[in-house]
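Quick note: the sequence shown, position 315, residue 314 per numbering that gives the first Met the number 0, numbers continuous.
Subject to a maximum C-alpha distance of 30 Å in a straight line, what follows is the list of computed DSSO-like cross-link-like pairs (lysine-lysine):
no.: 1; residue 1: Lys124; residue 2: Lys182
no.: 2; residue 1: Lys248; residue 2: Lys182
no.: 3; residue 1: Lys248; residue 2: Lys262
no.: 4; residue 1: Lys88; residue 2: Lys124
no.: 5; residue 1: Lys248; residue 2: Lys272
no.: 6; residue 1: Lys88; residue 2: Lys113
no.: 7; residue 1: Lys248; residue 2: Lys188
no.: 8; residue 1: Lys277; residue 2: Lys262
no.: 9; residue 1: Lys272; residue 2: Lys262
no.: 10; residue 1: Lys113; residue 2: Lys124
no.: 11; residue 1: Lys277; residue 2: Lys248
no.: 12; residue 1: Lys272; residue 2: Lys188
By construction, these hints were calculated from the structure, which means they are not laboratory data.
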Amino acid sequence: MKTWKRAAMALAACTLVLATATACGSKGGNSDGATTTKVASSDDSSSGDASDATTAPDDEEPATMPDLVDMTQEEAEAALADLGVDETKIQIEEQESLEDPGTVVDQVPSSGSKISGTVTLTVAKAVGPVPDFEGQQISDVRDWADAIGITVREEQVLNDELPEGQVVATTPAAGQDATSEIKVQVATKPVVGSLVDVEMLSHDGCYGIETGEASVNGDFLQDSLMATPSSNYPCVMEYDFGRDWKSLKFTAGIGDDSPSDTKVRIEVFADGKELLNKQVAFAETSDVDLDVTDVLRLRIQVTWLQGDPYYDTTAVLGNLRRIGSPDSVPTTTTTTP
0 MKTWKRAAMA LAACTLVLAT ATACGSKGGN SDGATTTKVA SSDDSSSGDA
50 SDATTAPDDE EPATMPDLVD MTQEEAEAAL ADLGVDETKI QIEEQESLED
100 PGTVVDQVPS SGSKISGTVT LTVAKAVGPV PDFEGQQISD VRDWADAIGI
150 TVREEQVLND ELPEGQVVAT TPAAGQDATS EIKVQVATKP VVGSLVDVEM
200 LSHDGCYGIE TGEASVNGDF LQDSLMATPS SNYPCVMEYD FGRDWKSLKF
250 TAGIGDDSPS DTKVRIEVFA DGKELLNKQV AFAETSDVDL DVTDVLRLRI
300 QVTWLQGDPY YDTTAVLGNL RRIGSPDSVP TTTTTTP
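Sequences and hints are given; from them, build the entire structure.
Put into structure tokens, the structure is as follows:
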């Protein structure tokens, strides 16, 4: 009797469990009320659905290059490291500069650009002595100075023998310590005008005046001014220079047809200021180069000192020419090569 009761109780428990399972599974999608449970497997053909696939992360956006100029090298490298730039991708180049050694003076890529490869930092190093630029072009000085941060001050030097733009001298000179500024004398082709082609404003005390070719100490000099002073008064000749010219050049001497004991004094005045006072003897010559910058009135004065007769004495200013800058000489001026 007890055995039968135990069997009945067990059967009832099983029935209850089965009923509960059926109720929980009633949420399945089958139309006949049966419950279907789907278990995912590695070879399930539905695994191609996007919601079940593994998605790789998008590529990271390249970092933007910051402004590193004026930082120290260490500060710049630290800033790049913070952006994730590998130290093997940072290239350091040195350049002479007036900035403190170790200061970043240039960068590639520039500020605001994307970092896509190697980063190059140009770092300042101490400036060495001034190179020897004499004979080179002014562009060489500019390139050197611009890279370092040195200001170039150019001064034109009129020279009809050197190539246009050639460096004549620098201050500081070659080998001296560089400073924040370098002054450069640069050759420039001048305008050359013969003074004998210019009409005199006045002349006085002259026994005779001629222009043209003269024979002096065995040489023939073109564009010559030949003056014969009187025995008692100097021969005075005046010209208008108009503040347009830079220099006056000539060869001073005595005409070969003068008495062999001839001596004269040649003087040149610029707006009343004496520029030249020179004694010249027969069979001698002297090259003269006078600064006539900003001169308005030029006076040439020849005084007879010795030679008989005086009226056969001829003082010569050969190859007499004015030198000027193309920027200041009037374009109507007649020039000679």
